[in-house]
Amino acid sequence: MPEPEVTGTSGPAPVSQKGAEEAFLKAAAGPVYNLALRLTGNPADAEDLAQDALIRCLKALPSFRGDAEPTSWAYRVTMNAWKNRVRGEKRRGFWKTLPLAALFGADEEDGDRPAAEPAAPDAPLDAGLETLEAGEAVQKALLTLDEESRAVVVLREMKDMSYEDISAALSLPVGTVKSRLFRARAALKERLKRFVEGA
Amino acid sequence: MSAHPDKDLLAAHASGDAPAERRPGLEEHLAGCAACRQELAELKAVSKMVKDLPQAELPVGFLARLERRRRAEEEAPAAVPVLPWSPWRLAGFAATGLLVGLVFFREVRYRLAPEMLGAAAVDTGDTGIQSERPADLEADQLAAARQAAVSRGAWGAAADQTAPAAARAEAESAAPAGEAAPLAAPAPAFSGAALKKEGAPVGASAFATNEQIQADLERQKAKMGIREVVPPSLGSSDPAAGLPDRPLTKDEAMGYMRQMTSRLARLNADANAKKRPTVDLGKGATPRILGAADASAPLEETERKKAVLAAGAAGGAGSLAMVRGAKGARVDEPASFEPPPLRRAAAPAPGYAAGSADLGGGQASAPPKVLVPRGFWSATTGGLGTDGGAVITNATDWEDLWRRVGRPEPLPAVDFAKEMAVAVFAARREDLQRSVEVVSLVEESGRLKIRYRVKDEAAKAPSAPYHVLVAPKSELPFEFVPTR
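Chain order of the listed sequences is A and B. Residues 1 to 199 (the working numbering) make up the first sequence, in order. Residues 1 to 484 (the working numbering) make up the second sequence, in order.
Source of the hints: derived by calculation from the structure; they are not laboratory data. Remember, predicted model here, so these are calculated numbers, not experimental data. The beta carbon of each residue, even a glycine, is placed where N, CA and C say it ideally should be. Any given hint might turn out to be false.
Unchecked claim - So the derived label-pair ranges between C-beta atoms look like this:
{"hint": "1", "chain 1": "B", "residue 1": "G61", "chain 2": "A", "residue 2": "S171", "range": "31 to 41 Å"}
{"hint": "2", "chain 1": "B", "residue 1": "A379", "chain 2": "A", "residue 2": "G19", "range": "42 to 52 Å"}
{"hint": "3", "chain 1": "A", "residue 1": "G19", "chain 2": "B", "residue 2": "Q55", "range": "20 to 30 Å"}
{"hint": "4", "chain 1": "B", "residue 1": "E27", "chain 2": "A", "residue 2": "E164", "range": "37 to 47 Å"}
{"hint": "5", "chain 1": "A", "residue 1": "S16", "chain 2": "B", "residue 2": "A417", "range": "42 to 52 Å"}
{"hint": "6", "chain 1": "A", "residue 1": "S16", "chain 2": "B", "residue 2": "E27", "range": "50 to 60 Å"}
{"hint": "7", "chain 1": "A", "residue 1": "S16", "chain 2": "B", "residue 2": "P54", "range": "56 to 66 Å"}
{"hint": "8", "chain 1": "B", "residue 1": "E57", "chain 2": "A", "residue 2": "S16", "range": "48 to 58 Å"}
{"hint": "9", "chain 1": "A", "residue 1": "S171", "chain 2": "B", "residue 2": "L63", "range": "52 to 62 Å"}
Construct all of the structure, not just a fragment, from the sequences and the given hints.
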């Protein structure tokens, strides 16, 4: 569902730094946490990522005043923070310890490579999804996508960002954004077949 | 029925993002293909499912934890790596670079360079002296001698000989087969006769004396057509004249640079002096106009007129020009070149003695009028470091003065229609603490007398004092009068 957009400040502008920070947090903390939750898939990582991103936003807040919408700027910062986190974890070989390690194959640098299809067999995953509720199933399905595709899907479907904004937030060309989105959609559909059959 | 569209195209179409040119074909296919319609519906459903994901609430205490974490990070900022690589890797790279640089420097610069330079030298092929290093000289001589020996064929294998004795010994040991060489002959290949024949130096030693080297060099130069280029007289204005068309030695280069800079400095000084003539105000202090060269001799009347006109033509410098006549300390008004009508007409004749009461213009009878300054600034350092005084009547010079003395305050506003600025400076002394101040500004006897006092204290501190003040404008010619 679309977020309530905050288009700049209404009423008297906050004069103090503290006031500006509070206004920003009120507007952006929720959406940022949501984005982080959908990206990472679990609340602990989401809180970590969201706080990281919000701290960066607060640091850069003085130079931000009044230009664009705070939420899209905050999303962009979140995406950067997440990219750094993923890159760092990959380098440290973190993903190798996870059973889903084979799923996360796409590199940041390859802009136009197709999203990595999961190498793990479908059966165990689908068997698990049967018993889940739709929301959890979707979240799990999202996690099977590579990070970029996941980000694109969340930003487009959930946050309703325009292709240009997503392209700016992820530093990808608009064409790549679109192709990632469509491919991800098709992949998700395969994964969530049980839920959408008969729609 | 047309071919099934691929998954990505359908996915694009699900949100209306299919390229426009493909849409008619798509619609047509979908109209007739239930399977693809089903696919499309499923894709739309997936989109909706993602869209409908619940908005999670911020966890309880999220903002508090955020604050805490923020404080913690502010106190001990996270170890953000400033460098892309660890210090060890960087050190390794630096060391490698240094090593490569050193090797390059040694090998190329010191070993190959002489060859590079040597290649530029003309090799005429005769046994002349090619280089001037003693070792090379010796080697050249040996090579020449060797060639001579080989060409004569007397001592075929006798190569490295440095003394007649050694030559004889080697000749004995070499013993070329079939050579009926007179081994006992007292004349080795290195004999004086042989060398003399080739024009090479005589004597048992293989080295050449300086005169012989010079003579040979002259011969070589004559052969090659090199002319020595004598530097021209210093009168020519082309600073690069006289440079020979070859690489200079270090001393030559230094000499030329010194010549050139002194030439240019002199030209510069001449130009500056022409622009801003300086004169002696007499009585101790020898004031200099801001930026002018050394004080010149007092100007004659005609010179004075010329200087005034020239300063006016140069533009802008005039207001600080102080010009005087042939004798005495009479000072004309600042040549700001908005001529106050009265006084210019009454410009006094040359030879006007100092201290005379009247200056014409009808001002003589006026009672002395004290001008009260409205603001002053002074310091013991930061002045020009030379004796001098100036009356400033336009904003450009005011700003210039302000900048030169380096006051921290912003430039005070002065309305130059009604006010003027007066500045006095005293010469820099390293051993005394000096201070200068304007004691009074009095319009009397048709002149503005600016009385100033220089105080010296025996403190060992370098000082270049100044005193600047803003006072009501005076149209009279001014005069700086030192007082005790």
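Review point. Going back to the hint list, which numbers does this structure go against?
Key: Violated hints: 4, 7, 8, 9; rest satisfied.
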